[in-house]
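Heads up: the sequence lines are chains E and D, in that order.
Just so you know, the numbering used here puts 268 at position 268 of the first sequence, and the rest follows in order with no gaps.
Just so you know, the numbering used here puts 79 at position 79 of the second sequence, and the rest follows in order with no gaps.
Treat the hints as calculated values from the structure; they're not laboratory data.
Idealized CB from N, CA, C, for every residue including glycine.
One thing to keep in mind: the hints can contain errors.
As the list claims (entries may be wrong) - Each computed EDC-like pair below joins lysine to aspartate or glutamate, with the alpha-carbon atoms no more than 20 Å apart:
#1 E:Lys271 / D:Asp144
#2 D:Lys136 / D:Glu119
#3 E:Lys416 / D:Glu119
#4 E:Lys260 / E:Asp229
#5 E:Lys416 / D:Glu89
#6 E:Lys415 / D:Glu119
#7 E:Lys326 / D:Asp134
#8 E:Lys416 / D:Glu97
#9 E:Lys415 / D:Asp144
What the hints assert, rightly or not - Computed list of chain D residues with no C-beta within reach of chain E, every gap over 10 Å:
#10 Ser21
#11 Thr23
#12 Gly37
#13 Pro117
#14 Leu123
#15 Glu150
#16 Glu195
#17 Arg196
#18 Ser227
#19 Glu231
Said to hold, decoys possible - Derived Cβ-Cβ restraints for the label pairs, each shown as a range:
#20 E:Asn419 / D:Gly37: 39 to 47 Å
#21 E:Pro243 / D:Ser71: 31 to 39 Å
#22 D:Pro117 / E:Gly327: 31 to 39 Å
#23 E:Ser171 / D:Glu114: 14 to 22 Å
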Amino acid sequence: MSNSEAQTEIGQDAAILECHKKFLGSKGFNPILSSLNKQSILRFESLGIPHGKHEMFTFVDTKGLIQIVSQGRRERIGTVSEDIINRNIYPGCEKSIIVIVDGFYVKSLSNIRGAGNSVHVMNIEKAVSDINLNRYLLNIAERESDVFSSINGAFFTGGIMIDIANDTNLSTPLQILHISTSPVEEPAMITPRIVLRAGNSSSASVIVKYIGTAGDYLVNSTMDVMLEDGAVLKLWQVQADSPKAWHLSKTHVQMSRMSKLGTVLAYSGCKIARSNFEVHLSGEGAELTLNGISVLCENEQAHSYIRVYHEAPGCISNQLFRNIVKGRARTSVDGTVIVREGAQLTCSEQLINNLVLSDDARADTKPNLMIYNDNVKCTHGSTAGSLDEDQIFYLRTRNFTEVSARALLTASFAKKVINSIDYPPVAEEVRDILLKKLET
Amino acid sequence: MLEIKDLSAGFQGKEIIRGISLTIKKGEVHSIMGPNGSGKTTFTRVLAGHPSFDVLGGEITFNGKNLLGMSPEERGLAGLFISYQDPVEIPGVNNAEFLRMAYNAKLLHHGREEVDPLEFDELIDSKMKILGMDQKYKERSVNDGFSGGEKKKNEVLQMTVLEPVLTVLDEIDSGLDIDAMKVVAEGVNRLMNKERGLIVITHYQRLLNYIKPDFVHILSGGRIVRSGGYELASELEAVGYDRLIINSEKKE
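Using the sequences and the hints, build the whole thing.
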């Protein structure tokens, strides 16, 4: 790192600290969250702005992002039309919809009557009065490794806690709709924060969808997910931001005994989209399925940074990522599975497949395994390539045009991950959003 | 129906087909037999329009049209079907859906309405029954993980659904046990009529016991060295390729 780069970073560090001081004195600051906000800014100070060759951002150019982050958080909620909301509610979720605008929970736009009494949605400010939750979040803030998530923790207010009661069986999915607006003369960064607890032996599906009005904004989102003993959660994240947006999300998952999480990250990309998914399989017999799909065109980027920690015996994790890039788009998957000492009989699979449809597109992968005991079964691998010309020829001899053959093969590449979303309205929309991009 | 005049073709600069001339009329079954490396596969690839194979000379007309000027899909839509020796596997593409799309493309080409999945289901079920194919092959990906015999049956299934005017079977018998061969041959024979043509490319005579050709051609060194009736296949079986080809060259 050159002297001038180091000085710039120190300047940006100082700018963020200055913004935080102002934030602590602003109307937006809520003293109830003071300990969390302060713990996070302390963590930010110790992590610092990542330099160009930081291990966590090997494939992501953070320069533009940091410039925006150093302007601080947006305080005001923009206006959104009902039409935008209605168009983005999935069929079946009309009475189980939580709307977050510019990082703030908007109760008047939300409707969770369909979820019944077993799902409690409350402001985080209220939720942290539970000393155990507060301690849990402080603990995460203290050991956070992602500087952008620390920035979220330092600035967030207006988030929500979703508490799914023990033994609940939700028949329809709960949808969280993040809408970002782009008001002029406001900082571009918004800091949504969601805490989701799935109680003992509960079963639920949660859809998280990110959309935005046209223009520049930065979503710097953090979600803390706790699965208690025997909880089964399906969590589907659909990133459909404005192409001019930046999108950062950190999902922190703690999995207790015999819990199951099936999650799909569907990314349509933007200027830079980066998802950091950190999962701790800390209870015996916990099972994780983590799939990702992205379709990126022109200069779009989407990056996944995955850390899966096997911390208890008999846990299973399966990962499948499929990325399609064309134009000058870039994607990366940096995924490490860490099998701790004592996590006997671990089963772990990780596969990253990239379909590169143009010479200027780029796909990077960094699959990694760190195993600290003997009795495990772990595999990982990655591939990158273009469409198979023999398959295209075969299809052409079966009446397909070259264009339709390529479209069919590309769609089939994406299909396995998209089909793992087992709520048809979401799967259909993801298929629509992602595959239509390839038609242009 | 198909007229091949002095065709020469090659792969990566090497001439493999050296002047083949052949005429197939409606209702005729021709068999092209030849040892390994005689040019059989190159011949089928050239007929199919594979971009890696170069036509170096000659012409092919198919129902009066210049076949060599047509794209692979135009050849298919015009009624040419090639069953490949080693069909590619296409993971992720549902077998029944793929075949319905191929069938619908043909219907649209002929100005007819497409069929929906339900209608197509009836059609494919009846064809699969004839070939003794399990229903599970509808749900599987195209040829993905199929055994050699299953792939060949799947090729014949496509043929019976698409009902081509001219079918070329490239070593359809390889990988088939005797029972499967009978079933496949039955499927092929059911399709044949006075309006259609068939070219059976094979190493061995045994398939020809079930699909009886009107004409047999021996291919060697990229040339047809001898043509005759069905009895030529029996002669070949008796004396082997080496002697038959040597005898043929002596006669020339």
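Evaluation of the provided hints:
{"no.": "1", "hint": "E:Lys271 / D:Asp144", "in the structure": "violated (37 Å)"}
{"no.": "2", "hint": "D:Lys136 / D:Glu119", "in the structure": "holds (18 Å)"}
{"no.": "3", "hint": "E:Lys416 / D:Glu119", "in the structure": "violated (26 Å)"}
{"no.": "4", "hint": "E:Lys260 / E:Asp229", "in the structure": "holds (9 Å)"}
{"no.": "5", "hint": "E:Lys416 / D:Glu89", "in the structure": "holds (16 Å)"}
{"no.": "6", "hint": "E:Lys415 / D:Glu119", "in the structure": "violated (24 Å)"}
{"no.": "7", "hint": "E:Lys326 / D:Asp134", "in the structure": "violated (39 Å)"}
{"no.": "8", "hint": "E:Lys416 / D:Glu97", "in the structure": "holds (16 Å)"}
{"no.": "9", "hint": "E:Lys415 / D:Asp144", "in the structure": "holds (15 Å)"}
{"no.": "10", "hint": "Ser21", "in the structure": "holds (24 Å)"}
{"no.": "11", "hint": "Thr23", "in the structure": "holds (23 Å)"}
{"no.": "12", "hint": "Gly37", "in the structure": "holds (21 Å)"}
{"no.": "13", "hint": "Pro117", "in the structure": "holds (16 Å)"}
{"no.": "14", "hint": "Leu123", "in the structure": "holds (15 Å)"}
{"no.": "15", "hint": "Glu150", "in the structure": "holds (16 Å)"}
{"no.": "16", "hint": "Glu195", "in the structure": "holds (20 Å)"}
{"no.": "17", "hint": "Arg196", "in the structure": "holds (17 Å)"}
{"no.": "18", "hint": "Ser227", "in the structure": "holds (27 Å)"}
{"no.": "19", "hint": "Glu231", "in the structure": "holds (33 Å)"}
{"no.": "20", "hint": "E:Asn419 / D:Gly37: 39 to 47 Å", "in the structure": "holds (44 Å)"}
{"no.": "21", "hint": "E:Pro243 / D:Ser71: 31 to 39 Å", "in the structure": "holds (35 Å)"}
{"no.": "22", "hint": "D:Pro117 / E:Gly327: 31 to 39 Å", "in the structure": "holds (34 Å)"}
{"no.": "23", "hint": "E:Ser171 / D:Glu114: 14 to 22 Å", "in the structure": "violated (37 Å)"}
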